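J.: The lines below spell out each chain.
There are 2 protein chains.
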Amino acid sequence: MYPNSIKNIIDCFKDLPGIGEKTAERLAFSLINFSKEKLTSFSEAIISVRDKITNCEICGNITEDKVCSICNDKERNNKIVFVVEKAKDISLFEKINAYNGKYHVLGGLISPLEGIGPDDININSLISRIKRDNVEEIILTLKPSIEGETTMQYIKKILENKNVKITKIATGIPIGTDIEYIDPMTLEFALEGRKDI
Amino acid sequence: MYPNSIKNIIDCFKDLPGIGEKTAERLAFSLINFSKEKLTSFSEAIISVRDKITNCEICGNITEDKVCSICNDKERNNKIVFVVEKAKDISLFEKINAYNGKYHVLGGLISPLEGIGPDDININSLISRIKRDNVEEIILTLKPSIEGETTMQYIKKILENKNVKITKIATGIPIGTDIEYIDPMTLEFALEGRKDI
Numbered sequence: 051m052y053p054n055s056i057k058n059i060i061d062c063f064k065d066l067p068g069i070g071e072k073t074a075e076r077l078a079f080s081l082i083n084f085s086k087e088k089l090t091s092f093s094e095a096i097i098s099v100r101d102k103i104t105n106c107e108i109c110g111n112i113t114e115d116k117v118c119s120i121c122n123d124k125e126r127n128n129k130i131v132f133v134v135e136k137a138k139d140i141s142l143f144e145k146i147n148a149y150n151g152k153y154h155v156l157g158g159l160i161s162p163l164e165g166i167g168p169d170d171i172n173i174n175s176l177i178s179r180i181k182r183d184n185v186e187e188i189i190l191t192l193k194p195s196i197e198g199e200t201t202m203q204y205i206k207k208i209l210e211n212k213n214v215k216i217t218k219i220a221t222g223i224p225i226g227t228d229i230e231y232i233d234p235m236t237l238e239f240a241l242e243g244r245k246d247i
Numbered sequence: 051m052y053p054n055s056i057k058n059i060i061d062c063f064k065d066l067p068g069i070g071e072k073t074a075e076r077l078a079f080s081l082i083n084f085s086k087e088k089l090t091s092f093s094e095a096i097i098s099v100r101d102k103i104t105n106c107e108i109c110g111n112i113t114e115d116k117v118c119s120i121c122n123d124k125e126r127n128n129k130i131v132f133v134v135e136k137a138k139d140i141s142l143f144e145k146i147n148a149y150n151g152k153y154h155v156l157g158g159l160i161s162p163l164e165g166i167g168p169d170d171i172n173i174n175s176l177i178s179r180i181k182r183d184n185v186e187e188i189i190l191t192l193k194p195s196i197e198g199e200t201t202m203q204y205i206k207k208i209l210e211n212k213n214v215k216i217t218k219i220a221t222g223i224p225i226g227t228d229i230e231y232i233d234p235m236t237l238e239f240a241l242e243g244r245k246d247i
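If you read the sequences in order, they're chains B and H. Mapped onto this note's numbering, the consecutive letters of the first sequence carry residue numbers 51 to 247. Mapped onto this note's numbering, the consecutive letters of the second sequence carry residue numbers 51 to 247.
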């Protein structure tokens, strides 16, 4: 029923996460009202993602160079490394502007169910980096889930007897959230992690 | 903080309706995991919208040809014309598969507040089309709003004494909606339009 160009762009939008048929149609039709210049930029921006974005050789963050801007920053402390699941997670911590160390992107979590083992994610590069840079502390900031816990336990085990402190980010009740909406497991962790006031 | 390619594509996504900063970031990062082929198709699909999509010379529907597939369809009754605001509205009626007439896209509604007058939308082409094709009935399917009503009244007035029946789509309570969620104006229209059972 739609012209082919519209059908195609609807299909492209539907490939994006969280975009269903109706939203894809709405987005496709909105493009019709874009100027030719804007459509050209949009198309070029996608090609630029295709051709320029790569992963940092050191930490796995996204970058347009061999090494990302964070790894390249000599002002940052390379004795502390945040270990995150995805490159996007880095931006969350950078936004709070309270951290001056480095990052390491695993690119996934260990998940026996999905057939993802330790060698499928960037753990080996983390280990060699810890040795090379004499890293003093790694802070595991993986999501509190079975896969996250499995990955953290694995990293802890493999770094046993190496001279590096391993911590993990706190699990607890988010600020501003009513306790009645918190799941039992989070409550349990929050209780376990209680602090003197 | 993000590489330029990512910044650019986030900005492009933010230009789309209903897409805010956070969603744009999520969509941009999802592209990184697309295959090169998929990114190429996405980029080309946008270029194709830019270069191929135009408006049907007769009805204003979107098309890749001079005349859209609906206007070109000799099986369809050209004595009845649905008058809609946007090209996208056509797909809604086509999906219910209950209509075999033609369409006319106004491309907007009369709105003195926004400075949109009768000459800014495709009313003249509608009038000449009614004459040329001896159209017997036009069905106004514009949204029930001040602009919609103004536009309908204008069309009614300008077609006075022309031999064409003018109807409008019913205003009322949507199926499955509890009356308590219906606004007073809709209720008033629904009462006015009551039918014997």
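Each hint should be verified, as a subset may be incorrect.
Any copy will do: because identical chains look the same in the list, a pair fits if it lies in one copy or spans two.
[Unchecked claim] Here are the computed lysine to aspartate or glutamate pairs in the EDC-like style, where the Cα-Cα straight-line distance is at most 16 Å:
1. Lys145 to Glu71
2. Lys64 to Glu238
3. Lys102 to Glu210
4. Lys57 to Glu114
5. Lys129 to Asp246
It is worth saying that the hints were derived from the structure and are not from the lab. Remember, predicted model here, so these are calculated numbers, not experimental data.
J.: Does each hint fit the structure? Answer for all of them.
T.: Each hint tested on the structure:
Taking the shortest alpha-carbon separations for Lys145 and Glu71, only the inter-copy value of 13 Å comes in at or below 16 Å, while the best intra-copy value is 33 Å. Taking the closest pair of Cα atoms, Lys64 and Glu238 never come within 16 Å of each other, the shortest separation being 39 Å inside a single copy and 39 Å across copies. Within a single copy, Lys102 and Glu210 get their C-alpha atoms no closer than 38 Å, and across copies no closer than 62 Å, so neither meets the 16 Å cut-off. When the C-alpha separation of Lys57 and Glu114 is checked against a cutoff of 16 Å, the pair qualifies only between copies, where the shortest distance is 12 Å, while the shortest distance within a copy is 32 Å.
Within a single copy, Lys129 and Asp246 get their C-alpha atoms no closer than 29 Å, and across copies no closer than 81 Å, so neither meets the 16 Å cut-off.
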